[in-house]
Amino acid sequence: MIEAAPILVIIIPLMGSFLTPLISILTKRYKKDRIRDLFVVSIVIVTLLLVLHMLPTVWSGNIIVYRLGNWTPPWGICLAIDGLNIMVALIVSGIAVLVSIYSLMYMKNDTGLEKYYTLLLLILASMMGVTLTGDFFNMFVFFEIMSTAAYALVAFRRNWDSIEASIKYMVMGSLGASLFLLGISFIYSLVGSLNIADIAQKISIIGTNPLPPILILILALLMTGLSIKIAMVPFHAWMPDAYQAAPSAVVVLLAAGTTTVGVYMMLRVVYILFGVAALGAMLIVLGSVTMVVGALMALVQRDLKRLLAYSGISQVGYILLGVGFGTALGIEGGLFHLLNNAIYKALLFMCAGAIFYRVGTCNLDELGGLSKNMPITAGLFTIGALAISGVPPFNGFASKWTIYIAGIQAGKAFFSLLAIIMSVLTLAYLLKAVNAIFLGQRPKRFENVKEAPLTMLFPMMLLAVLCIVLGVLPSLGINIVSPAYNALTNQHGYIQAVLGGI
Amino acid sequence: MAGMTLIVKTASRLLFPFVLVFGIYIVLHGHLTPGGGFPGGVIIVAAIVMLLLGYGAEVAKVKFSPLQASVSENIGSLILVATGLLGLFVGLNFMKNALPLGTTGNLFSAGFLIPLNIGVGIKVAAGLAVILYAMLTAFEEEEK
Amino acid sequence: MNFDYIVAMLMISFGLYCLLIKRNLIKMVIGLEILTFGIHLFLISMGYREGGIAPIVTSVNPASVVATLGVDPLPQALVLTSIVIDVCVTAMLLSLAIHAYRHYKTLDMSELRRLKG
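Protein chains in written order, with the working numbering: chain A, 8 to 509; chain B, 222 to 365; chain C, 8 to 124.
Hints are all accurate, no fakes.
Dumping the calculated EDC-like pairs for lysine to aspartate or glutamate here, alpha-carbon to alpha-carbon at most 16 Å:
| hint | chain 1 | residue 1 | chain 2 | residue 2 |
| --- | --- | --- | --- | --- |
| 1 | A | K439 | A | D310 |
| 2 | A | K379 | A | E454 |
| 3 | C | K29 | C | E118 |
| 4 | C | K123 | A | D168 |
| 5 | C | K123 | A | D310 |
| 6 | B | K317 | A | E10 |
| 7 | C | K112 | A | D168 |
What the simulated footprint calls covered on chain C by chain A, stretch by stretch (three residues with Cβ under 8 Å from a Cβ of chain A suffice, anywhere in the stretch; the number is not a length):
| hint | segment |
| --- | --- |
| 8 | 36 to 43 |
| 9 | 47 to 54 |
| 10 | 85 to 91 |
| 11 | 95 to 103 |
| 12 | 107 to 113 |
Derived contacts from chain A toward chain C, CB cut-off under 7 Å, selection only:
| hint | residue |
| --- | --- |
| 13 | F144 |
| 14 | E151 |
| 15 | T155 |
| 16 | W167 |
| 17 | D168 |
| 18 | I170 |
| 19 | E171 |
| 20 | I174 |
| 21 | M177 |
| 22 | S181 |
| 23 | S185 |
| 24 | L189 |
| 25 | S192 |
| 26 | S196 |
| 27 | D248 |
Rather than coming from a laboratory, the hints here were simulated on the basis of the structure. Built from N, CA and C at the ideal position, the CB exists for glycine as well.
Can you build the whole structure from these sequences, using the hints too?
Here's what the structure looks like:
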C-alpha cells in the first residue's frame, strides 16, 4: 500500500484546484478548452483510484492512522480511516467522477467555466477532508470550505432565482456553522483537547449515563448545526429553493455528496464521540417527522426538481429512522439506505438535468409526451422512480425491507407502518411525475427534441446498472456496509488504534 | 470609479511605501513576533487599496491588473502546498520540517515557517485584491 | 464575576436578534458578523490564566517561564483560522447582495420571495 495514500487523497484535488486557473489561462490563449476539462476528469479519477487502493487494508479490520508532520496525537492532527470513513469516501469520490463526466456536456453553454471546475475540485477536496480526518477542529475547517464552495456553486448562473436561493442557503448555513463552532469551544473548555479519540476517552471517564447537563448542551449545539446542513425538518427551508435554482450537475453533487457527508458527521459525533446508543429515541422521532413532512410536501409540487428535493428530505428521514432503532439490523439497514440514497438520487437528478438540457423547462404543467423523443431517459427515470419507492427487484427494496423488519423486531411496529405508508406515497408522486413528463399529449413545440447526448447518458446508465445489481445481489451491499457497522459500534477499538500506537 | 481630492492623493502616495514595508516586516518575522502570513497579507493589501481609492480603478488596473492578481494568488497557494510536500519527498510524513533549523531567535531559523508565511502572505494579499476589483467593477457595470 | 463571558454571551444574543428581526440584507450580514465575533471572544477568554503573560519565548522570558505563566495559545490559533473563514463568507454574502440589488432593485428581505411552493 502507498504509505501516503490518505493525505494524497486530500492534496491531489486541492493542488488541482490551484492549478486549474493557470492551465485555463494557457488553454484560452490557444483555444483548446477541452484539455482543461480532461485534466479535471483525470484528477478526479486518480482520487477514486487512491480510495479504491486503500479499501482492502481497511476491510480486513485495520484502522489506518496517518500522522501529519510526525506529531503524535493528541498534540498533532491525524487522519484516522476505519470502515465508516472508507464507505463515505467511496460514495463521494464515485459520485464526483460521474458528475465531472456529466458536466462535460451539460455546462457546455455556460461562460466562466474555469471557476466552475476550480470550485468542483475544491468541494471534492474538502469533502474528502471532512471524511478522513480524526481531529475535530480540522473537520470544522473543511466543513466550512465545503459549505462556501457549495454556496458559490448554487449561485453559479447568476439568474434571479439562483441569487435568491443562494442567499437563503448561505444565511442558514452560516448560522449552523456558527452553532457548531460554539459546541466545539464548549468541548475544548471541558476536556482541553481537540482529537476525536482523545475527547471520546475523556468523556467516557466523565461518564455518560446519565448525561450531565453540560454534555446535553454540547450535544444540542452540535446536532442543531448539523441538522441545518442535512436539511432535517424544521431546518429544511433552504433545500427546495437551492435544488430548484442550481445547475443540475451541482444538485447531484449536493444531494449525493454533502448530504452523505453531513449524515456521516452526525453519526460520528453521536456514536464515537459520545458513545451513547441511548440517543436512538431522539433519532427515531426526528427521522419519522422528516419522512412524513417530506413525502406530504412532495405530493403538491408542480416543478420536477422541487419534487425531487422534497423526496430527498424524506429519504434522509428513513436513514435516521433505521439508525435510531439501535439493533444490528437497524443500523445496517440505515447505512445501506445511505448508500442507496446516493445512487438513486444522483440518477433522478441527472435525468431531470437531461430533460432541462434538451427542452428548457422543468415545469410539470408544460411537459408531456416525451417518451417518443427521449426513450432511454424515460426508461432510466422509471428505474430510478421504482428504486426509490422500494419496489423489488431494485436496491431500494433491499434497504427499506431491512428497516421495516428492524422496526418490528425492536418492538416499534408503529414506525414501520408509518414507513410503509410513506413508501406508498413516494410511489404515488413519482408515478405522477413520470405520467406528466413522459406519457400523455406532446405539445407542438417539442416535436424535434432529440435524445440526451452520450456523455450525459453514460453516467446515468452506470447508476441504473448499480441500482439493479445491488437489488438482485444485496450481499454486495452488505459487504460494503458491515465494516461500517463494525466501526460504528467499536468505540474502544478506535481509541486504541489512534492513541495506543505511540 | 473616479479618484478623490488632491489631499487624499498626496497623503496616500506618501504613506504607501511605509505601509508596504511594515506589512512585509510582519510577514517575514512571523516566527519571532505576533503576526505571520494572514495579518501581514491584509496590511499589504491595505496599502494597495489606499492607492486604489485615491486614484481610481482605471489607473490601478494599469499598474496591477486583476489577471496578475489571480495568477499570483495561485502561485502563493502552490508555494504553500509544495512546502508541505517537501516533507513527503524526503521520506517523512506530510508537513514535516525538512529545512534546516537555526538557533532560536535568529531571522533565518525555524525551518519551513518562512516559506509557509510568505506563501500565505502572497495568497491573502492577491486574493483580497481580486475580491475588491470584482466588487468595484460590479458597480461600474450597473452605472452603465 | 467574569466579565469576558458575560460580554461574549451578550454579543451572541445581540447578533442572533439582529439576524432574525431585521429585514435589510446588509443589517442581517452585520448581525451574523456580531454573532461570530461573540463566539470568538468566548473562545479566546477560555484560555485565560490569572496574572498570565503573552505566550512568546524571548530572551527575557525563557521557555520554562512561558510554560508556567503564559496564557493558552491554542484557542488563539483556532480563532485566527475562524476569522479567515469569516472574511470569506462575508465577502461572498456582500457580493450576493450586490447581485440581488441588481435583479430585485431592493434589499428588503421580505421582497426576496419569488420562489414559492
